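Please put together the full structure from these sequences, using the hints given.
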Amino acid sequence: MGLSPVLWQFLVNWLHNATLFPAEASTIAPYTDALYFFLVLMTIFGTTLVAVLVVVFSARYSRQRSPVATQIEGSTLLETTWTIIPLAIFLVVYVWGALLYFRIYNPPTNAMNIYIVGKQWMWKAEHPGGQHEIDALHVPLGQPVQLTMISQDVFHSFSVPDFRIKREVIPGRYSTVWFEATKVGRYHLFCSQYCGTQHSGMVGWITVMTPEDYKTWLEQSTSGQSLAQNGERLYASMGCNSCHNGTAAARGPDLAGVYGSKLTLTDGRQILVDDAYLRDAILNPSAHVTAGYAAIMPTYQGQLSEDGLIDLVEFIKNMQSDYRVQQTLVTAASGESAPTTPPQAAGER
Amino acid sequence: MSTAVGNTIVSLPDQSTAQLPKRHYINNEYGLLSWLLTEDHKRIALLYLFSVTFFFFIGGAFAGLIRLELLTPQPDLVAADTYNKFFTMHGLIMIFLFLVPSIPGVLGNFLIPLMIGARDLAFPKLNLLSWYVYMAGGTLTLAALVLGGVDTGWTFTTPLSTHYLNTHVITAAMAIFITGFSSILTGINFIVTIHRMRCPGMTWFRMPLFLWAHYAASLLMVLGTPVLATTLVLVALERLFGIGIFDPAKGGDPLLFQHLFWFYSHPAVYIMILPGMGVISEVISTCSRKRIFGYTAVAFSSVAIALFGFFVWEHHMFIMGVSSYSALVFSLLTMLVAVPSAIKIFNWAFTLQKGSITFETPMLYCFGFMGLFTIGGLTGVFLGSLGMDIHLTETYFVVAHFHFVMVGGGLMAFLAGIHFWWPKMTGRMYPETISKLAAVTTFIGFNLTFLPQFVLGYLGLPRRYAAYPPEFQVLNVLSTAGATVLGFGYMLPMLYLVWSLKYGAIAGSNPWQATGLEWQIASPPPTENFAEIPIMDHEVYDYEWLANKTKKEVTTVG
Chain A
0 MGLSPVLWQF
10 LVNWLHNATL
20 FPAEASTIAP
30 YTDALYFFLV
40 LMTIFGTTLV
50 AVLVVVFSAR
60 YSRQRSPVAT
70 QIEGSTLLET
80 TWTIIPLAIF
90 LVVYVWGALL
100 YFRIYNPPTN
110 AMNIYIVGKQ
120 WMWKAEHPGG
130 QHEIDALHVP
140 LGQPVQLTMI
150 SQDVFHSFSV
160 PDFRIKREVI
170 PGRYSTVWFE
180 ATKVGRYHLF
190 CSQYCGTQHS
200 GMVGWITVMT
210 PEDYKTWLEQ
220 STSGQSLAQN
230 GERLYASMGC
240 NSCHNGTAAA
250 RGPDLAGVYG
260 SKLTLTDGRQ
270 ILVDDAYLRD
280 AILNPSAHVT
290 AGYAAIMPTY
300 QGQLSEDGLI
310 DLVEFIKNMQ
320 SDYRVQQTLV
330 TAASGESAPT
340 TPPQAAGER
Chain B
0 MSTAVGNTIV
10 SLPDQSTAQL
20 PKRHYINNEY
30 GLLSWLLTED
40 HKRIALLYLF
50 SVTFFFFIGG
60 AFAGLIRLEL
70 LTPQPDLVAA
80 DTYNKFFTMH
90 GLIMIFLFLV
100 PSIPGVLGNF
110 LIPLMIGARD
120 LAFPKLNLLS
130 WYVYMAGGTL
140 TLAALVLGGV
150 DTGWTFTTPL
160 STHYLNTHVI
170 TAAMAIFITG
180 FSSILTGINF
190 IVTIHRMRCP
200 GMTWFRMPLF
210 LWAHYAASLL
220 MVLGTPVLAT
230 TLVLVALERL
240 FGIGIFDPAK
250 GGDPLLFQHL
260 FWFYSHPAVY
270 IMILPGMGVI
280 SEVISTCSRK
290 RIFGYTAVAF
300 SSVAIALFGF
310 FVWEHHMFIM
320 GVSSYSALVF
330 SLLTMLVAVP
340 SAIKIFNWAF
350 TLQKGSITFE
360 TPMLYCFGFM
370 GLFTIGGLTG
380 VFLGSLGMDI
390 HLTETYFVVA
400 HFHFVMVGGG
410 LMAFLAGIHF
420 WWPKMTGRMY
430 PETISKLAAV
440 TTFIGFNLTF
450 LPQFVLGYLG
460 LPRRYAAYPP
470 EFQVLNVLST
480 AGATVLGFGY
490 MLPMLYLVWS
500 LKYGAIAGSN
510 PWQATGLEWQ
520 IASPPPTENF
530 AEIPIMDHEV
540 YDYEWLANKT
550 KKEVTTVG
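Residue numbers (numbering that gives the first Met the number 0), protein chains in the order written: chain A, 0 to 348; chain B, 0 to 557.
Quick caveat, the hints were computed from the structure, so don't treat them as lab data.
Bear in mind the structure is a predicted one, so any value in this text is a computation, not a measurement.
C-beta: ideal position from N, C-alpha, C; glycine also.
Misleading hints may appear alongside valid ones.
[Stated by the list, open to error] Partial chain B-side listing against chain A, Cβ under 7 Å, derived: (1) 80; (2) 148; (3) 158; (4) 159; (5) 320; (6) 321; (7) 324; (8) 351; (9) 353; (10) 355; (11) 465; (12) 469.
[To be verified] To be clear about the criterion: a stretch of chain B counts as covered by chain A if any three or more of its residues have a C-beta under 8 Å from a C-beta of chain A, and this derived list gives those stretches: (13) 24-34; (14) 44-54; (15) 250-260; (16) 277-291.
[Said to hold, decoys possible] A few chain B residues that don't get close to chain A, going by computed Cβ distances all over 12 Å: (17) 66; (18) 124; (19) 493; (20) 532.
Laid out in structure tokens, this is it:
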């Protein structure tokens, strides 16, 4: 940033206390702010330049001082100058902005994942360990957090100004955003895409906690069932296990370890299996048939809520073997509660 | 003419003997029908003037209500639903019924034939039809309002507009659909007129820059508006019959709507600003007695804006999960489209150099335009920059940015033009002192209203919020205070321009000593404009030619 960190902190704190500037509470914020200050300087410089030209020429060449105008056709040199210089500045902004864009939207590989469902007019956060929150999100300090988000109805937008992040939350497809909080505190969460009557009520708080506090919070807030456990129940109750069970006679492909692998589909496409693919394959199976299998799977469109889909995705994601699936085939009717899954609470992955 | 050099170029005929011409386009015929069935481009321009002014004040009233509600953090003036209807109506009316038709409909209609030395536009009947179509669209918009309003926002975002609202979405969409055809008809008329109706000697590079700007804007109207019409029809079909084109549950793509909508609505910004840039060129040249610096560059920059303007729409969608590579391309093109605007600003500034500058009201509005449009343009670069856009989009920063461009730019230019050509349209001058006061008031009020919104935007306050966290109140109060000043600044011209119709000084044919062909005929012009079609035997903005012509006339008369 080319500015001494002490001066930077002083500037940012002073502006923040004057309520002219949001807090810098994520690793990304200083990068965004550096570009912002550059752009503000560019604007002040450009506007001042135009103002000075207008004022100086107006004073110097007013009708009293300059009764007769001198006709000038133009000047290739001058005109080239004010084409090239703004273009050069704009190109610098372009490259800088593009680098920032990829920094903001490319998550680090060690990010923990939390699911967000947007609906008119609330935010629902689902932690892998089964903690649910409405219009609130608790996250640990100093740990990259990736949000996998989807809307159940209209477009929403997940905006945390103090982290300088924002991403549209769209019906029918997962979108992701990540951040790493750098300051303990509470920060505004806004829906920034107009979504109907209570758009301005679709707000909440992000609470950043020290890792120890966060651990305590996770333990106290758990609903007793992790997302994957919920998913496992759904997997059995929706009858997924009757085909996707990894046995020799199975009519559907084996799903153990499928997440993150490359699949070849019947139409020849090579697909990387990620959250979005799993969701699409459940809702629109006929367009996602794995090579070697018949297109016999029915659609589950309308039968699963977004929360249910997240549970299933989370279950399939964490499915390492078919052992338990085959067990449920036998014991599904026994009423025995599912045993606990290995810890996959946020922060430990 | 007096030989002493005054501080104004305005030279009016001796008021004790001066008279309006006996017969001109206003008193040529009487009666309501003579207006409603007129094919005279000048009368149609006046019809547009009445109607856009009417809609401007309705849209302005909604702006006032919005600012009043935002005076306090709680939604205490009106309920959230009502607030949503307010900003929807404000947007729809100001964009589709005021900004898009204002300068082309009023000044373009009035001046294009006069400036190219023609007796009318190429298709006079089509011109009248475009006004009727506009009025039909406007009436339907008001109907949507009276029936209970609509709360989609002016952007009609799906699936909110198609599945989740119980308001008059179809009525409003059809109103905008219809209004669009008025825009298409006007655009076709201007393009054909500029191609086919130029008087002998009026080559492309002898055309006033006002015409280049209108030509470029007309291209956008004709090529862009049909896409908006298609989009609105699809929204209506989806809402009525659930065809599913934007519905993911039926295999549709909700992002498709965004692409289609912004494919029109980004070029629409240039439809609103380009004609204004044309006005600025005319006024600055006249008030500094100089040819526009780098005429060719200014002319081609209009065309460049129109061309590039079609290929930047995705910059409205950078956070919506579009492909990173397409985002890179669209961001780059957005940077490129900023350059022609910068060229224009510098060319105007250097037109002043070695000029002989006077500071009448239209010139003050032009200076206001240059300052505000520069800020509006440069803050656009913030939003075109990919990483910066993430934090700023969908906040008050965007609101402030486009108001600087469209109100600080478009509306300032409209007012500059109305004052500048008022003597030509009515034969009478506006009162100078109070109009200068109005120009300065508008400038101050505008900055007070919208500068705080940039700060609010960076703080992260999302747009379209009926209620907001209390720490944002101070800046909102400042903004509302500014809006009050601004409202006052807009009321003034309304009052004194009406006053001037009866009491304004008789202007004579060329009060500004301007070079355009429109100034070489009587004010107000006769119905047929030119007794005989003029011959353009000199360059555009040729003040020497004008001086010789005036001298010859004085000698002949004397």
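Right, here's what the structure says about each hint:
1. Residue-level restraint check for residue 80(B) holds (minimum Cβ-Cβ distance to chain A is 5 Å; threshold 7 Å).
2. For residue 148(B), the interface hint is violated, the least distance from its beta-carbon to any beta-carbon of chain A being 13 Å, above 7 Å.
3. Evaluation of the residue 158(B) hint against chain A yields a held restraint, the C-beta minimum of about 6 Å falling below 7 Å.
4. A cut of 7 Å between beta carbons decides the hint on residue 159(B): the least distance to chain A is about 4 Å, and the hint holds.
5. Given hint, residue 320(B) at the interface with chain A, holds; its Cβ is 5 Å from that chain's nearest Cβ, closer than 7 Å.
6. The criterion of a C-beta within 7 Å of any C-beta in chain A is not met by residue 321(B), whose closest approach is roughly 10 Å, and the hint is violated.
7. For residue 324(B), the suggested interface contact is broken, since its CB lies about 11 Å from the closest CB of chain A, more than 7 Å.
8. Restraint check, residue 351(B) versus chain A: the minimum CB separation of about 4 Å is within 7 Å; hint holds.
9. Checking residue 353(B) against chain A by beta carbon gives a least distance of about 4 Å; that is within 7 Å, so the hint holds.
10. A least Cβ separation of about 4 Å between residue 355(B) and chain A falls short of the 7 Å threshold, and the interface hint therefore holds.
11. The closest approach between the C-beta of residue 465(B) and any C-beta of chain A is roughly 5 Å, which is under the 7 Å cut-off, so the hint is satisfied.
12. Look at residue 469(B): its Cβ only gets to about 11 Å from chain A, farther than 7 Å, so that hint breaks.
13. Check on the segment 24-34 of chain B: 0 of its residues sit with their Cβ under 8 Å from a Cβ of chain A, so the three-residue criterion for coverage is violated.
14. Chain A is given as covering the segment 44-54 of chain B, and this is violated because 0 residues of the stretch bring a CB closer than 8 Å to a CB of that chain, at least three being needed.
15. Counting residues of the segment 250-260 of chain B whose CB falls under 8 Å from any CB of chain A gives 3; the rule of at least 3 is met.
16. Figure legend: the segment 277-291 of chain B, annotated as covered by chain A; annotation consistent (4 residues with Cβ-Cβ distances under 8 Å, at least 3 required).
17. For residue 66(B), the shortest C-beta to C-beta distance to chain A comes to about 16 Å, beyond the 12 Å cut-off, and the non-interface label holds.
18. Distance check on residue 124(B): its Cβ is at least 41 Å (rounded) from any Cβ of chain A, clearing the 12 Å threshold; non-interface status holds.
19. Look at residue 493(B): its CB is around 28 Å from the nearest CB on chain A, clear of 12 Å, so calling it non-interface holds up.
20. No beta-carbon of chain A comes within 12 Å of the beta-carbon of residue 532(B); the shortest separation is about 28 Å.
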